[in-house]
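Construct the complete structure from the given sequences, taking the supplied hints into account.
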Amino acid sequence: MSIPINLCNEVIRELDFRAQCAFTRAVGYDGLEIAPFTLGASPHDLPKSVIRETRATAEGEGMAIAGLHWLLAAPDGLSITSADDAVWRRTVDVGRRLVVLCAELGGRYLVHGSPGQRRLEAGCETEGRDRAVAYFAAVAAEAEKAGVAYLIEPLARQDTAFINSVDEALDIVQGVGSPALGAMIDCYATAADGGDIAALLRQWLPHNAVGHVHFNDSNRRGPGEGNLAFAPIVHALREFGYRGAIGIEPFVYEPDGMACAARAIGYVRGLMEGHGAH
82 MSIPINLCNE VIRELDFRAQ CAFTRAVGYD GLEIAPFTLG ASPHDLPKSV
132 IRETRATAEG EGMAIAGLHW LLAAPDGLSI TSADDAVWRR TVDVGRRLVV
182 LCAELGGRYL VHGSPGQRRL EAGCETEGRD RAVAYFAAVA AEAEKAGVAY
232 LIEPLARQDT AFINSVDEAL DIVQGVGSPA LGAMIDCYAT AADGGDIAAL
282 LRQWLPHNAV GHVHFNDSNR RGPGEGNLAF APIVHALREF GYRGAIGIEP
332 FVYEPDGMAC AARAIGYVRG LMEGHGAH
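With this note's numbering applied, the sequence shown has no gaps in its numbers, which climb one by one up to 359 at the end.
Any given hint might turn out to be false.
[As the list claims (entries may be wrong)] Taking CB as the label site, the calculated pair distances span:
#, residue 1, residue 2, range
1, P336, A218, 41 to 47 Å
2, A167, A107, 31 to 37 Å
3, E140, R283, 35 to 41 Å
4, G228, D126, 18 to 24 Å
Keep in mind that the hints were calculated from the coordinates and are not lab data.
Every residue, glycine too, gets a C-beta built ideally from N, C-alpha and C.
Next comes the structure, spelled out in structure tokens:
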């Protein structure tokens with residue numbers, strides 16, 4: 082069975098949503114992974130009519146909405162670690178409503194990265210971690226009801242001091258104990274901290290502990306544009322029967338987002354074909 086390849090839609094956010102769907106399908110992606118801030122300043126509060134229209138637009142263009150990522154960039158002022166109870170409660174409310182949004186759009190997973198919204202305040206690290214765990218428990222309960230997966234994304238230490246490894250993410254997952262809560266791997270973030278992505282996949286895939294993978298290179302560009310060897314990563318995914326999807330998520334778009342997205346899907350499809358995708 083082939084592994085779905087989805088494009089993180091902020092890469093082509095200069096296009097309107099219909100054009101994003103048409104372009105993504107035309108160049109060979111299976112789905113769009115949506116950053117909610119691209120849908121509006123308060124994506125958790127979209128009217129039902131807009132949600133239905135967005136889903137219908139994607140379906141009309143033959144494009145699946147696979148899931149959501151970069152969850153808490155909008156609205157402003159959110160934090161899963163804040164000592165301010167009002168801020169924390171608002172963040173939980175937004176997180177829960179994004180879970181519902183994902184399900185209503187037809188998505189199957191949410192990826193929780195959002196480094197700016199999980200900072201630990203100096204001297205209050207333990208309290209911040211406890212609040213984050215409580216946040217994850219709350220959104221996981223909502224995800225169970227909605228029938229979607231909520232996946233914690235370990236990020237590079239240069240971006241955040243909180244949750245930098247799959248081990249850390251899985252400690253939280255196991256502590257919460259919800260079947261809807263899981264972990265994922267971001268290739269750039271793992272490589273930035275010296276991790277061996279293929280080795281991590283071989284370690285965790287047999288335990289179904291990795292629910293999603295973001296492909297991006299060591300220079301923050303698209304896969305194949307830096308020094309990471311993606312063939313061993315693809316081989317590990319195939320070897321252990323990975324059942325999730327690949328999300329293409331570069332952070333640097335050269336010469337532009339559309340060209341970067343088109344190059345990335347060609348490169349990854351080529352690797353897949355070389356490892357028995359068809």
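Now for the hints, and whether the structure bears them out:
1. P336 / A218: 41 to 47 Å: 44 Å, holds
2. A167 / A107: 31 to 37 Å: Given about 45 Å between the Cβ atoms, the range is violated.
3. E140 / R283: 35 to 41 Å: 37 Å, holds
4. G228 / D126: 18 to 24 Å: This hint holds: roughly 22 Å between Cβ atoms.
When the structure is compared with the earlier hints, a violation turns up for hint 2 alone.
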